[in-house]
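Trainee: With chain A held as given, fit chain B with the ligands onto it using these hints.
In order, the protein sequence lines correspond to chains A and B.
Counting in our numbering, the first sequence runs from 2 upward without gaps.
Counting in our numbering, the second sequence runs from 46 upward without gaps.
Hints are computed from structural coordinates only; laboratory data are not their basis.
Accuracy of the hints is not assured; some may be wrong.
[What the hints assert, rightly or not] No farther apart than 27 Å at their CA atoms in a straight line, the calculated lysine-lysine pairs in the DSSO-like style are these:
1) K233(B) x K319(A)
2) K516(A) x K458(A)
3) K475(A) x K464(A)
4) K128(B) x K319(A)
5) K319(A) x K73(B)
6) K319(A) x K56(B)
7) K305(A) x K56(B)
8) K319(A) x K63(B)
9) K475(A) x K115(B)
10) K475(A) x K260(B)
11) K63(B) x K159(B)
12) K115(B) x K131(B)
13) K56(B) x K115(B)
14) K520(A) x K475(A)
15) K305(A) x K185(B)
16) K319(A) x K115(B)
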Amino acid sequence: MGGGLAGLRAAIAAVESNGEITVGLVSKLYPLRSHSVAAEGGTSAVLDPEDNFDLHSYDTIKGSDYLADQDAVEEFVKLVPEQIYTTDHWGCPWSRAEDGRISQRDFGGLSFPRAVFAADKTGFHVMQTLYSRCLMYDRIHFYNEYFATSISVDSNRFNAMTTINLRTGEYTIFQSKSLILAAGGGGRMYRFSTCAHSTTGDGDAIAYRAGIPLKDMEFVQFHPTGLVPSGILITEAARAEGGYLRNSEGKRFMEHYAPTKLEEAPRDIVSRAMMWEIEAGRGVRGGYGNIEYINLDLTHIADKLEERLPMITDIARKFNNIDAAEGPIPVRPATHYTMGGVSVGIGTETVVPGVFGAGENASISIHGANRLGSNSTNECLALGNVAGKKAAEFASSHGIPDLNHDKIREEEKRLWEDIMRRDGGENVAAIRSDLGHTMDVNVGVFKTGEKLESAIKTIYELKERYSRISIQDKSNVFNTELQWALEVGYMLDLAEIVAKGAFERKESRGAHYRKDFPKRDDDNFLKHTIATYTRDGPRLEYSPVRITKWQPAERVY
Amino acid sequence: MSGNEYEFTIKRKDDHGKVSYSDYSVPKDRISTVFEGLLYIKENLDQTLSMRYSCTMEICGSCAVEVNGKPKMACSTIASSLKTDKIRVEPIRHFDVIKDLVVDLDSFFDKYRKGLPYIIREDYGDYSSELLQTPEQFQKYEQYSMCIKCGLCMAACPIVGTDEDYLGPASLTAVLRYNLDSRDEGGKYRLEAIGTEEGTSRCHYAGECSEVCPKGVDPSSAIQKLRWQVFKHEISGLIRGRRK
Ligand SMILES: Cc1cc2nc3c(=O)[nH]c(=O)nc-3n(C[C@H](O)[C@H](O)[C@H](O)COP(=O)(O)OP(=O)(O)OC[C@H]3O[C@@H](n4cnc5c(N)ncnc54)[C@H](O)[C@@H]3O)c2cc1C
Ligand code: SF4
Ligand code: FES
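With the rest of the complex left out, here is chain B:
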């Protein structure tokens, strides 16, 4: 902690799939965040390094990486807060690596889409006035609407790691977010869409997702609530079935 430089070690992967580690020294007075460290390296030391970034203010979800073994947003991770001069940066887990720190997120966004994450209403196309929603109604889903689709929860979740089909914390949270919105009329479609094996039943409530989420979304609690919704939906389906 006393030197003038951070020692970065970055996991690399090239076009041919070859994996290696590169070391770089970054002057402490030139950077504050881990992202700035990566940018310093790319600008001054090694132009071949690839990573994703855009907003640098933890709102666009681009810069998810693993820092010293923990899934984090590079742009909001203050280097000095790591309490060590050695900073190891690797791609987040549970995704295929495209190059260096860049992973393939298509599977994540495909899973996200499976839960029908949009408002479904009958009054299609009539937008002449506002719908009412009290602050109290908003608070029901507020926390769950803060997800920036960064994928950190996916990287932290032990089930995602072993089970390719599991929809994962962020996607399931989005289902709940729309189901709890007083303007929505599509809950039953969503519960049917996810009421399969890939849905809530696989979650073991390990809580890792909520621990790493940079936005305080708490996907773990969302999945618990959602499981209850799925359960109620299935019961009512059974009852309806018997009545027939």
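Same shape as in the complex, but just chain A:
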């Protein structure tokens, strides 16, 4: 399920590891439309002899605010270099030095310049590379624009994935021996987000409803510089190259929050500083309705723009009609990445034998409370590869399980006799927009117990309204309103888990910041949140963090 970086990598691994395997690659988008093509900056890999695996592990663990499972991180970093060389052989245009060798550069939170990159289009180029490789195999069957609605698990064995063929509206069942969940993250449960509109957490919610637990969902990363009003990412290189953040008084304010690092402080610190300014009434207004924002000023480095920051200069011009050399760019912290996901072990296995998870859909956890900027695309490659091999292995040693026809009929009824026939007059888009607003305001950069309670209450109200939606589009063919409705249903479930997990986590760690509990509390919260589906909402339990070499220490940069 899914044709982004993780899904494509897994498909290739499956067919290459076993000459008999066939893969059905089911994706609600043509693969190249996946969110992964938007990744810009780079992907961390230990290639330089001066660098080492322990250092990459340490950076990752420190970045995670010590919530990462250290054995998983140590295993992961060792898997990455081969993926860089593999994609090199498959045609990825990694940026290179004059001598033809792959270059590496600095990136947020790294103590060694180990980010490999393909200009400022890393995700785009790796996606083209993997997709091209897939085209070599007739044994990879693409089912493009098939929307997964549920999976069926019986006697602890996966037996089917139900989908809607968007093109015809036909209810289509996929039966297979194993399943890889690679449907990406859920950033779009927030309104202001750098994520593609398709990033709606379907894979998380589908697995959760089938009884597979989710891990650490309350950890949602905010990127300081989302372009207003669209949310398009303005890379952190803009600040690294010397850009200033200014409030409505035209003043730089980072000196109050991070006196030495200023604008170059880590993502969570800069995001919080910007929100403090906005809350203190020093947000900029004008030009974009009621949205308050901060100005990213690049005018004093105008001479560097075309050469060092071509992509964002182009974005400001194309999308906002702004010449970055002449005037500031309006930005605001935006939801960027979900650290949580389907709970998997180091071998990408879930609690259901034969079901594996990879990419942003899964949580091992390598990222803990905060992902490093260059640690997702590499995870998709390394663990997509593992998941593909494991799923192939499982498939070659197991038969096809029986279909559970009752469940399949039940799902069919849910779609066409329930969702499609609801008639209470509520607009799906309005519910989604209200959900996004609540998440932005109450489950955002700053959280408090009070705000979270209010969010949970709103989510309940939205769920109630959701039971009264009316879908205006009655057509079978490409019914995107039905698709929206299903996505909103998933996001309501996930939002509830995020808000409840955040409410219970009475501490601040990584991306999770509670104004009422501003300190990290290792005595009580050095543990993973595990959310399991029940009829009355998620049951929250906790599991210990696995620590190998690095004892939790204060996270200072």
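Mentor: Quick look at chain B with the ligands alone, frame taken from chain A:
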């Protein structure tokens, strides 16, 4: 240009193939791009409208449509830059319409695949170290690697419109992109795969493809270079043939 609203006219097609036009007024201060206009309509005015979109930053290739008669990416087309308040949005040409603004792209991706658009090498499976490629070698194909498979060039190309089998600008550009990659060893297979009637010989160099390409890929120049490769390949084939 002076009113507070854009007047959108959208070409529709329903389940039964019936074609119609719908008009909508969209407040100017609520949108900046044509995509945002479409989303505003779908969220607030008419939930039955179907279109494709995902990244909204002109990198995923989803949102190709025709805006006031020109093939464009909806997400990167600034409404105010159209210099008119009347915005007509239609599906791109040369593809079957599935519904409203959604067209059938399978033929496009099938054609793309025909040109063997992947690296072909003998050292299959040995990935223990990197291959070398200088920035200069990269520059040979850099531009051609930027294609987002949006299909705008296909919609603009007059030959694609009259000749169903013609592989078209994006597919041929991909052939060149891999042929020019110093890591590749499969050029001859690719030239054979496309050295038929459907390949470069049909292009009339009208240049429309390069004009509409949002990524500056310049497929037209790619096809010219590729035609030269095909020509050389055919000549060497003839010479080899005579030697036998
Ligand atoms: C703007 C931006 C920049 C980034 N830059 C970097 C960077 O520089 N470095 C880095 O390491 N990371 C970066 N990231 C993060 C990284 O891009 C993502 O985490 C990663 O690409 C996710 O890949 P994926 O394969 O897990 O999922 P996705 O690419 O999101 O793919 C999900 C797939 O699942 C399919 N799918 C979803 N739901 C369904 C369903 N219901 N039925 C069928 N199919 C479904 C979709 O069609 C899609 O093919 C960035 C993220 C953003 C937002
Ligand atoms: S060549 Fe340009 S216009 Fe054609 S598909 Fe690629 S990006 Fe789109
Ligand atoms: S939505 Fe991705 S290119 Fe326009």
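Trainee: Determine for every hint whether it applies to the structure shown.
Mentor: Each hint, compared with the structure:
{"no.": "1", "hint": "K233(B) x K319(A)", "verdict": "violated, 40 Å"}
{"no.": "2", "hint": "K516(A) x K458(A)", "verdict": "holds, 20 Å"}
{"no.": "3", "hint": "K475(A) x K464(A)", "verdict": "holds, 22 Å"}
{"no.": "4", "hint": "K128(B) x K319(A)", "verdict": "holds, 15 Å"}
{"no.": "5", "hint": "K319(A) x K73(B)", "verdict": "holds, 17 Å"}
{"no.": "6", "hint": "K319(A) x K56(B)", "verdict": "holds, 26 Å"}
{"no.": "7", "hint": "K305(A) x K56(B)", "verdict": "violated, 44 Å"}
{"no.": "8", "hint": "K319(A) x K63(B)", "verdict": "violated, 35 Å"}
{"no.": "9", "hint": "K475(A) x K115(B)", "verdict": "violated, 31 Å"}
{"no.": "10", "hint": "K475(A) x K260(B)", "verdict": "violated, 37 Å"}
{"no.": "11", "hint": "K63(B) x K159(B)", "verdict": "violated, 33 Å"}
{"no.": "12", "hint": "K115(B) x K131(B)", "verdict": "holds, 14 Å"}
{"no.": "13", "hint": "K56(B) x K115(B)", "verdict": "holds, 14 Å"}
{"no.": "14", "hint": "K520(A) x K475(A)", "verdict": "violated, 51 Å"}
{"no.": "15", "hint": "K305(A) x K185(B)", "verdict": "holds, 25 Å"}
{"no.": "16", "hint": "K319(A) x K115(B)", "verdict": "holds, 17 Å"}
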